[in-house]
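Take a look at the letters that make up each chain.
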Amino acid sequence: MSVDLQQDFFALFGLPRRFRVDEAALEMAYHDLQGQVHPDRFAHLSDVEKRLSMQWATRVNEGFRTLRKPLPRAQYLLELAGVDVGLHTNTAMSSAFLMEQMEWREAVEEARAAGEGHELTQLHHRLRHHAREVFDELERTIDERHDFAAAAEIVRRLMFMEKIQHEIDDALEALET
Amino acid sequence: MALLQIAEPGQSAEPHKHRLAVGIDLGTTNSLVATVRNGIAVCLADEAGRSMLPSIVRYHADGRVEVGHTAAAAHATDPKNTIMSVKRFMGRGLKDVSHVESTPYDFIDAGGMVRLRTVQGVKTPVEISAEILKVLAARAEASLGGPLTGAVITVPAYFDDAQRQATKDAAKLAGLNVLRLLNEPTAAAVAYGLDNASEGVYAIYDLGGGTFDLSILKLSRGIFEVLATNGDAALGGDDFDHRLFCWVLDKAAIEPPTSDDSRRLLMKAREAKELLTASEEAPIRAKLSSGEEVNLVVTREEFAAMTQHLIAKTMTPMRKVLRDAGLDPEDIKGVVMVGGATRMPHVQRAVAEFFGQEPLTNLDPDKVVALGAAIQANVLAGNRKDDDEWLLLDVIPLSLGLETMGGLTEKVVPRNSTLPIARAQEFTTFKDGQTAMAFHVVQGERELVKDCRSLARFELRGIPPMVAGAARIRVAFQVDADGLLSVSAREMSSGVEASVLVKPSYGLTDDEIAGMLKEGVEHVGDDMHARALREQQVEAERVIEATTHALEQDGALLNADERSAIEAAIAALKRLVTGDDPRAVKKGIEALARATDEFAARRMDNSIRSALAGHKVDEIQV
Numbered sequence: 175m176s177v178d179l180q181q182d183f184f185a186l187f188g189l190p191r192r193f194r195v196d197e198a199a200l201e202m203a204y205h206d207l208q209g210q211v212h213p214d215r216f217a218h219l220s221d222v223e224k225r226l227s228m229q230w231a232t233r234v235n236e237g238f239r240t241l242r243k244p245l246p247r248a249q250y251l252l253e254l255a256g257v258d259v260g261l262h263t264n265t266a267m268s269s270a271f272l273m274e275q276m277e278w279r280e281a282v283e284e285a286r287a288a289g290e291g292h293e294l295t296q297l298h299h300r301l302r303h304h305a306r307e308v309f310d311e312l313e314r315t316i317d318e319r320h321d322f323a324a325a326a327e328i329v330r331r332l333m334f335m336e337k338i339q340h341e342i343d344d345a346l347e348a349l350e351t
Numbered sequence: 281m282a283l284l285q286i287a288e289p290g291q292s293a294e295p296h297k298h299r300l301a302v303g304i305d306l307g308t309t310n311s312l313v314a315t316v317r318n319g320i321a322v323c324l325a326d327e328a329g330r331s332m333l334p335s336i337v338r339y340h341a342d343g344r345v346e347v348g349h350t351a352a353a354a355h356a357t358d359p360k361n362t363i364m365s366v367k368r369f370m371g372r373g374l375k376d377v378s379h380v381e382s383t384p385y386d387f388i389d390a391g392g393m394v395r396l397r398t399v400q401g402v403k404t405p406v407e408i409s410a411e412i413l414k415v416l417a418a419r420a421e422a423s424l425g426g427p428l429t430g431a432v433i434t435v436p437a438y439f440d441d442a443q444r445q446a447t448k449d450a451a452k453l454a455g456l457n458v459l460r461l462l463n464e465p466t467a468a469a470v471a472y473g474l475d476n477a478s479e480g481v482y483a484i485y486d487l488g489g490g491t492f493d494l495s496i497l498k499l500s501r502g503i504f505e506v507l508a509t510n511g512d513a514a515l516g517g518d519d520f521d522h523r524l525f526c527w528v529l530d531k532a533a534i535e536p537p538t539s540d541d542s543r544r545l546l547m548k549a550r551e552a553k554e555l556l557t558a559s560e561e562a563p564i565r566a567k568l569s570s571g572e573e574v575n576l577v578v579t580r581e582e583f584a585a586m587t588q589h590l591i592a593k594t595m596t597p598m599r600k601v602l603r604d605a606g607l608d609p610e611d612i613k614g615v616v617m618v619g620g621a622t623r624m625p626h627v628q629r630a631v632a633e634f635f636g637q638e639p640l641t642n643l644d645p646d647k648v649v650a651l652g653a654a655i656q657a658n659v660l661a662g663n664r665k666d667d668d669e670w671l672l673l674d675v676i677p678l679s680l681g682l683e684t685m686g687g688l689t690e691k692v693v694p695r696n697s698t699l700p701i702a703r704a705q706e707f708t709t710f711k712d713g714q715t716a717m718a719f720h721v722v723q724g725e726r727e728l729v730k731d732c733r734s735l736a737r738f739e740l741r742g743i744p745p746m747v748a749g750a751a752r753i754r755v756a757f758q759v760d761a762d763g764l765l766s767v768s769a770r771e772m773s774s775g776v777e778a779s780v781l782v783k784p785s786y787g788l789t790d791d792e793i794a795g796m797l798k799e800g801v802e803h804v805g806d807d808m809h810a811r812a813l814r815e816q817q818v819e820a821e822r823v824i825e826a827t828t829h830a831l832e833q834d835g836a837l838l839n840a841d842e843r844s845a846i847e848a849a850i851a852a853l854k855r856l857v858t859g860d861d862p863r864a865v866k867k868g869i870e871a872l873a874r875a876t877d878e879f880a881a882r883r884m885d886n887s888i889r890s891a892l893a894g895h896k897v898d899e900i901q902v
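Going line by line, the protein sequences match chains V and D. If you count the first sequence from 1, position 44 lands on 218 in the working numbering, and the numbers rise without skipping. If you count the second sequence from 1, position 296 lands on 576 in the working numbering, and the numbers rise without skipping.
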């Protein structure tokens, strides 16, 4: 097995390169790797080893951060497959989706303006539920149909949804402070 | 004199030599030092048997510096030179310090970190904190009977980069080798979790003298993983004292109090607060400088009511931290209380209500942080036993970013990222032929730069002249395991590594630290050269020991030539250590580092491979 800083994150964690991951296996591999490379293991050693340890631990953290959550994991898979998510160049979204987005936005805006914390929390949960369904669709598209072009479209949709989720959370936070 | 080394049968003294390491809780009100002795973490006490050292430093006109209980006694008679709660000023400007008006100090506000004028001249909070650390280090060395290999110093989890850097600088000034800066709630979790063999998700509620932290940790299979942290670096027991003090002024219709009266009443307020932990009411009696007498009684209910807003201030971070961790209060298996201020009954009640369970108070909230730090220091110093297979994974508490057009913040490293972390961002020039670019590094969650903490400004020079927009300047942030940031920048299209001049906003420059070190050494009449030599010798011995150990363990990764090159470098360094030229020793250390570069990389690969191999075996068994 080749071990170097350049290998992809799936190989780094000893996992198959696919969208659906065994979260327990990922976490276990992450902990095992950090157990070997974390700077706390090298605090009493030479500066060379400290530096290497920091590079590796940084890489392992980056890998875990990328693979743990479904959206960055999907973006990373597309990147590995050489598919541009094309958020800047290719933003043609279906009008049905855009319409849906506007409705979400308006609902958030209304609740925010009215200071409706409860309503915002409801929106938060509904959007999360909806995102779960879209992620299921994404899993089938990548792991079963291997259709990365279609996956890129779904990822774009999810990125929009995440943005709205952040707006809801920010509005909730603003209400609390 | 020959030293006898006694080794137990079947146990060699080398290379498992026990290195003396301590954990230090550098607190707002009190500080402690602890170590692991015979496998058990203990706080070290002074000659009088007291483990808590009041974090109070008094500067005398004759050059003496007094720290702790005796300094505390002078607080009333020599307030300007008797500095309390200096932690509140670490990495802070004057405008950041709350209740400045009720402190007696002679502040100097010249921008950057606040400074204090004393009878021994102008002092920075870093120097004042270093005095506390020196006393604790001396106590530890006397108690353990030898020089310290290193120390873990705890900081509030919510400390920003400037406050962390100031703490590390203070340790450096005190002559300590900092093994790690450790977050206080994480330290408490280590002490608690290892003691109780806990598994699950825990909340650590840490209300100290001047800081509040809330961390959510997941404990599993020996991993202490911080999921999220939040807090308030300017909220603590001091604020409760101050509130009660204001109540007294109001009740007794004193206005304005003289500074003597202020101090006396503040002390009485603190005493009353402590009494209310065990009693339903507490008297507040004092004789003012006017001869007038204050004679009041405060009940627990009254105190709870007047400080309710302070407790409410801890609830917002609690909600935020749970949301960041993606958890609900019901998901928390236990709540560990840390910090003397958590003794207040109404604090415990509020926490119990929020989480729907009684908090865990079966450990001493004053000592648990120092004990956890000692356990971590012991492992970091290399005293790990084979069954010490636990690991801490901590996070950065506040996002790091850069200022962009229009005074907006561009986040580069998001809060709650697991450390260490590196992130890069690309920028371009906006004018033709532009050869320099200015950057402003900030920390915080707000959109506007002016609402975030300014950490540093730096300028990139030597960019090759190009048309506007052609240069690609990559600014890389690296945050290490101490939560400290370093920044580098490079122009990508030409590959020119431009020079970076960093000017910390609230910190001290390397030159200032070097100057203070020199001053300190001259002051004690020590020889700068001797000290530098000693430092290099200690470092050389450490590196030789580490390399020798690595050769024993993984020598098989080298061929004969490679091995002899490393052995030659070790031998060369051993010769240099016996000489008296610190710079030569330093060069020898660097030469050994170069010689072991490749070896270190192979060792790292090897351990990663074995981690993955171990993992594979687990999978097969499942």
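Take the hints with a grain of salt, since some may be wrong.
Unchecked claim - Heads up, simulated DSS-like pairs for lysine-lysine below, C-alpha to C-alpha not over 30 Å straight-line:
hint, chain 1, residue 1, chain 2, residue 2
1, D, Lys498, V, Lys337
2, D, Lys854, D, Lys665
3, D, Lys452, D, Lys711
4, D, Lys452, V, Lys337
5, D, Lys866, D, Lys854
6, D, Lys867, D, Lys854
7, D, Lys798, V, Lys243
8, V, Lys224, D, Lys867
9, D, Lys613, V, Lys243
10, D, Lys730, V, Lys337
11, V, Lys243, D, Lys691
12, V, Lys224, D, Lys452
13, V, Lys224, D, Lys783
14, V, Lys243, D, Lys867
15, V, Lys224, D, Lys593
16, V, Lys224, D, Lys498
17, D, Lys691, V, Lys337
18, V, Lys224, D, Lys613
19, V, Lys337, D, Lys593
20, D, Lys613, D, Lys567
21, V, Lys224, D, Lys854
22, D, Lys647, D, Lys414
23, V, Lys224, D, Lys730
24, V, Lys337, V, Lys243
Honestly, the hints are just simulated from the structure, not real lab data.
Violated hints - listed by number, lowest first: 3, 4, 7, 14, 15, 18, 20, 23
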